[in-house]
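Line order of the protein sequences matches chains U and E.
Take the first sequence: its letters are residues 1 to 754, numbered as in full-length UniProt numbering.
Take the second sequence: its letters are residues 1 to 319, numbered as in full-length UniProt numbering.
Derived from the structure by calculation, the hints contain no laboratory data.
Keep in mind that this is a model prediction, so the values were computed, not measured.
Among the clues, some could well be false.
If you only want the chain E side, here are some residues facing chain U, beta carbon under 7 Å, derived [claimed, not checked]: (1) E142; (2) D146; (3) Y155; (4) Q157.
The beta carbon of each residue, even a glycine, is placed where N, CA and C say it ideally should be.
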Amino acid sequence: MPDLLIELFSEEIPARMQARAAEDLKKRITDGLVEAGLTYAGAAAFHTPRRLTLALSGLLAESPTLREERKGPRTDAPEKAIEGFLRGAGLTRDQLQERDDKKGAVFFAVIEKPGRPAAEIVAEVLDTTIRNFPWPKSMRWGEGALRWVRPLHSILCILTDEAGAEVVPLDVDGIKSSNTTEGHRFLAPGRFPVSSFDGYVTELKRRFVILDAAERADHIWQDATNQAFANGFEVVEDRGLLAEVAGLVEWPVVLMGEIGADFLGLPPEVLQTSMKEHQKFFSVRNPKTGRIERFITVANRETRDHGATILAGNQKVLAARLSDAKFFWENDLRVAKTEGMEAWTAALSNVTFHNKLGSQSERIERIAALAREIAPALGADPDLAEKAARVAKADLSSEMVYEFPELQGLMGRYYAEAAGLPVEVAAACQEHYSPLGPTDDVPTAPVSATVALADKLDTLTGFWAIDEKPTGSKDPFALRRAALGVIRLLLANDVQMDLLEVLSTSIASTLQDLGFSGKLFEKYDIDASKTKSADFYAQTELETVHEKLSKDSILKLAHDQMLCWEADGSKVLKPVEDVAADLLAFFHDRLKVHLKDEGIRHDVIDACLAMPGNDDITLLVKRARALSDALKTDDGVNLVQGFKRANNILSQAEEKDGVAYEFGADIKFAEAEEEKTLFAALEAAEPKIAAALEAEDFAAAMAAMAALRAPIDAFFMAVQINSDNDVVRRNRLNLLSTIRTTVLKVADLTRIEG
Amino acid sequence: MSEPQKADTGIAKPKSFQEIILRLQAYWAAKGCAIMQPYDMEVGAGTFHPATTLRSLGNRHWAAAYVQPSRRPTDGRYGENPNRLQHYYQYQVLIKPSPPDLQALYLGSLEAIGIDMDMHDIRFVEDDWESPTLGAWGLGWEVWCDGMEVSQFTYFQQVGGHDCHPVSGELTYGLERLAMYVLGIDHVMDMPYNDPQSPIALSYGDVFLQNEQEYSRWNFDIANTEMLLKHFEDAEAECAAILAHPVEDPKTGKRIVMAQPAYDQCIKASHLFNLLDARGVISVTERQAYIGRVRTLAKACADAFVQTEAGGWTPEAVA
Numbered sequence: 001m002p003d004l005l006i007e008l009f010s011e012e013i014p015a016r017m018q019a020r021a022a023e024d025l026k027k028r029i030t031d032g033l034v035e036a037g038l039t040y041a042g043a044a045a046f047h048t049p050r051r052l053t054l055a056l057s058g059l060l061a062e063s064p065t066l067r068e069e070r071k072g073p074r075t076d077a078p079e080k081a082i083e084g085f086l087r088g089a090g091l092t093r094d095q096l097q098e099r100d101d102k103k104g105a106v107f108f109a110v111i112e113k114p115g116r117p118a119a120e121i122v123a124e125v126l127d128t129t130i131r132n133f134p135w136p137k138s139m140r141w142g143e144g145a146l147r148w149v150r151p152l153h154s155i156l157c158i159l160t161d162e163a164g165a166e167v168v169p170l171d172v173d174g175i176k177s178s179n180t181t182e183g184h185r186f187l188a189p190g191r192f193p194v195s196s197f198d199g200y201v202t203e204l205k206r207r208f209v210i211l212d213a214a215e216r217a218d219h220i221w222q223d224a225t226n227q228a229f230a231n232g233f234e235v236v237e238d239r240g241l242l243a244e245v246a247g248l249v250e251w252p253v254v255l256m257g258e259i260g261a262d263f264l265g266l267p268p269e270v271l272q273t274s275m276k277e278h279q280k281f282f283s284v285r286n287p288k289t290g291r292i293e294r295f296i297t298v299a300n301r302e303t304r305d306h307g308a309t310i311l312a313g314n315q316k317v318l319a320a321r322l323s324d325a326k327f328f329w330e331n332d333l334r335v336a337k338t339e340g341m342e343a344w345t346a347a348l349s350n351v352t353f354h355n356k357l358g359s360q361s362e363r364i365e366r367i368a369a370l371a372r373e374i375a376p377a378l379g380a381d382p383d384l385a386e387k388a389a390r391v392a393k394a395d396l397s398s399e400m401v402y403e404f405p406e407l408q409g410l411m412g413r414y415y416a417e418a419a420g421l422p423v424e425v426a427a428a429c430q431e432h433y434s435p436l437g438p439t440d441d442v443p444t445a446p447v448s449a450t451v452a453l454a455d456k457l458d459t460l461t462g463f464w465a466i467d468e469k470p471t472g473s474k475d476p477f478a479l480r481r482a483a484l485g486v487i488r489l490l491l492a493n494d495v496q497m498d499l500l501e502v503l504s505t506s507i508a509s510t511l512q513d514l515g516f517s518g519k520l521f522e523k524y525d526i527d528a529s530k531t532k533s534a535d536f537y538a539q540t541e542l543e544t545v546h547e548k549l550s551k552d553s554i555l556k557l558a559h560d561q562m563l564c565w566e567a568d569g570s571k572v573l574k575p576v577e578d579v580a581a582d583l584l585a586f587f588h589d590r591l592k593v594h595l596k597d598e599g600i601r602h603d604v605i606d607a608c609l610a611m612p613g614n615d616d617i618t619l620l621v622k623r624a625r626a627l628s629d630a631l632k633t634d635d636g637v638n639l640v641q642g643f644k645r646a647n648n649i650l651s652q653a654e655e656k657d658g659v660a661y662e663f664g665a666d667i668k669f670a671e672a673e674e675e676k677t678l679f680a681a682l683e684a685a686e687p688k689i690a691a692a693l694e695a696e697d698f699a700a701a702m703a704a705m706a707a708l709r710a711p712i713d714a715f716f717m718a719v720q721i722n723s724d725n726d727v728v729r730r731n732r733l734n735l736l737s738t739i740r741t742t743v744l745k746v747a748d749l750t751r752i753e754g
Numbered sequence: 001m002s003e004p005q006k007a008d009t010g011i012a013k014p015k016s017f018q019e020i021i022l023r024l025q026a027y028w029a030a031k032g033c034a035i036m037q038p039y040d041m042e043v044g045a046g047t048f049h050p051a052t053t054l055r056s057l058g059n060r061h062w063a064a065a066y067v068q069p070s071r072r073p074t075d076g077r078y079g080e081n082p083n084r085l086q087h088y089y090q091y092q093v094l095i096k097p098s099p100p101d102l103q104a105l106y107l108g109s110l111e112a113i114g115i116d117m118d119m120h121d122i123r124f125v126e127d128d129w130e131s132p133t134l135g136a137w138g139l140g141w142e143v144w145c146d147g148m149e150v151s152q153f154t155y156f157q158q159v160g161g162h163d164c165h166p167v168s169g170e171l172t173y174g175l176e177r178l179a180m181y182v183l184g185i186d187h188v189m190d191m192p193y194n195d196p197q198s199p200i201a202l203s204y205g206d207v208f209l210q211n212e213q214e215y216s217r218w219n220f221d222i223a224n225t226e227m228l229l230k231h232f233e234d235a236e237a238e239c240a241a242i243l244a245h246p247v248e249d250p251k252t253g254k255r256i257v258m259a260q261p262a263y264d265q266c267i268k269a270s271h272l273f274n275l276l277d278a279r280g281v282i283s284v285t286e287r288q289a290y291i292g293r294v295r296t297l298a299k300a301c302a303d304a305f306v307q308t309e310a311g312g313w314t315p316e317a318v319a
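Go ahead and model the full structure; you've got the sequences and the hints to work with.
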């Protein structure tokens, strides 16, 4: 059985696309071959900056012959039916077979698809694959119409068996397949023939190309750590960078160089970021000083001066880069020390956050006010929290962050320290962006957590205020992430907060804020410049709001109501509370997703959401966790059954009788012992549950509730609700009602499934 | 007189900024490019030269190389920064259709200016090019020599909103930076402009330092923004007005589409926008709107150019 070797040789493929492309090549070719009946034993894909390679072993030499039988009409069927059958089968009448069936003589068509040689199939599949390759971005070149990631130069495609190698003939827009390829661009120019995969790998290596990216990465890492170690240093690990660099070279040569003494005073993050982003250098740390003192660069070749020229060039470029960074750092420090962080915050008034939500500095004002308001709930000093919120985003105006946006926050911390601000404030500058992802650490320092929370809440209320909510897969402002951040901040810091009220206030003040800066009028499609003229009052749409409103009354209106668009395009005023409630529901949705990861079922969350105080996320989650735990016990599961039975009987009776049995049952009408026991149990449970709920000890409340399971079960076993004695019947229904009210104080078990 | 320093490949190292330019001119001339002169207008990059923007449109083959002075008012540093200038030179090569050996041709040009291919690490690092003002994009690389970006290499895919057929290959060399690297100079103003052995040796600073100071001051603090804004609007209006004329010239009776005169106005608007930007009078939100206005002009000019013979229009195609 032959082996197949394919190599697509092109100009340099972006490093970030190579691995995926090699996998896509493997998948598309193997899928296509298998679909055509060509199975194989093994497949491996490889990539270098200039080539994608696929090696298949043990391919079938030809596809198997396929034989299909089709039963047709009876031999005496009308001519038309037989003609139709022939058309479908692609046969002529003399090719049909007559066979005896239960119903008599019937035509049978035997269709044979002969097998095809592998080369023919490979050529077709490869042609289709090349023409439809799923590059994230592709291009045309020259006069051709073919698309590839960069110009495609040659196609190597050979089938090898004991007899030797054979080129699979193929011509894709003028690029003819062959059995040749190239080695390293500079170290081994020129083409060479290939006759097998093993030979290909060996020949490539002889020509300064390591085919396997993992081997290149290993080589880089080994050599880098060895060189660093030999000098008493250690390489800062960076897997992403390693993979990228392995995609930039075919023949990696590791070179270690020094960072000029002038730059060693820069923050290590600045050194690292500048070296990594601009130069793809690894950082090398001196374990004695903890500082980054050297760098590792990976060249794509050997030279007779052992890389001295290359290293000197790289060192020079780095020095220029770091001079810039040092210039930024020193300038920024000077501003921070002499003018303070406020100078930068003021500059943010020229930076638009969102065209309907105003500038960054307007937003910072809102965050500061909100931080002050919520600080007590997080145990933070309101003055410090407000102060921190005011400077937390100041570094966005600094030169360093302009150059390296990924250093935002971190630079704020350095600069806040330099400005002599309290350490809590400096920490908040860095930490308030967190948590970003679902696994990111959540800030727990009170001031940091307060600013982080205020920042995210303002983002959400802002976008809700201007009606820009995430829809489907579209969430351009990462609002889902912000909501999850809020949830995680509240939970990690055990913050109890009436979120609905915070949201309402925040939305209202955002609207008011926007009103004052004229943004609200954009939202109303009103030209703010006309608000002072008579035209303004004649705006037709204001008539839909109310007759003639002054600017002040619009602002007042904005305080408790806002304009919303209905689905049909009409405009209506909605109370701010409704908008806040909508946002709260968004939080609840995110919470369900978050708790699901924790193993808490959505119906458990629903049972808790139905309870009062559901806008206190921390409380809600405590209740849900307790209920989820209780439902994992035998008592819990059975209690739900008992409760549902009680509830069903009661609901049916209430519907039938047209009465609500809420009068309370009287023990003196109790007949059976089990009935009396239930009375006692309910009476004992009620104060326990009430006390536990008061103390927000949901586990205790659940335990008290679950303790009702045995008496409820016993009661249903022993007692018929529908007694002939109407007084007894009504008393029992009232008793069921007590079960219901008692249980429903803990959680809405009607929502539990099963 | 000392012996000229020899590189290992036998190609002598150049001695001055101008020698590097002359060698590039000679190299690309030898490769068959029309050596053109700079466009006589203020532009932000060599790409704006009609020999690139307009000629990359349509199906006519084309090969040109030229130096283009480029102005980036916001990059002015009063001549103090070692490698930032508000006025600098780009070397631009445009070949349509892009030849299959364009990478090799390009590497040959590096060798021609004294970069020894055996001693340096040349790399093609992904860098997609997009010009929002020209409504243009392409794929390619920035070319690194020992970690230093020495050129941009782009296969044009779209210009002025038109798909490029055939595709042009574009090379852009930042001449000062490249020359500083080749000559081993740390501050641009110290770079020899002509041969340091000349009777009157001139440095880059001798030629340009004062200009950098004068323009930095004017760009940042003095330029009359009201006037610039007016000029921007005039250029915008004139561009549209030129293109609104019927293609038939009533005086000569000939078909004359005025694509390039209109494009001049587009270039003007673009540069005026850059000046306004440097003066700090354009807010972040307005920026996008201005860029959009220039793009509209660029697209209209591209639409017009493809209606000219140089842009591939033929009477037969209409008939």
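A quick look at each hint next to the structure:
1. E142: Check failed: Cβ of E142/E comes no nearer than 11 Å to chain U, outside 7 Å.
2. D146: It holds, given that the least Cβ distance between D146/E and chain U is near 3 Å, below 7 Å.
3. Y155: holds (5 Å)
4. Q157: holds (6 Å)
Hint 1 from the list above is the single one not met by this structure.
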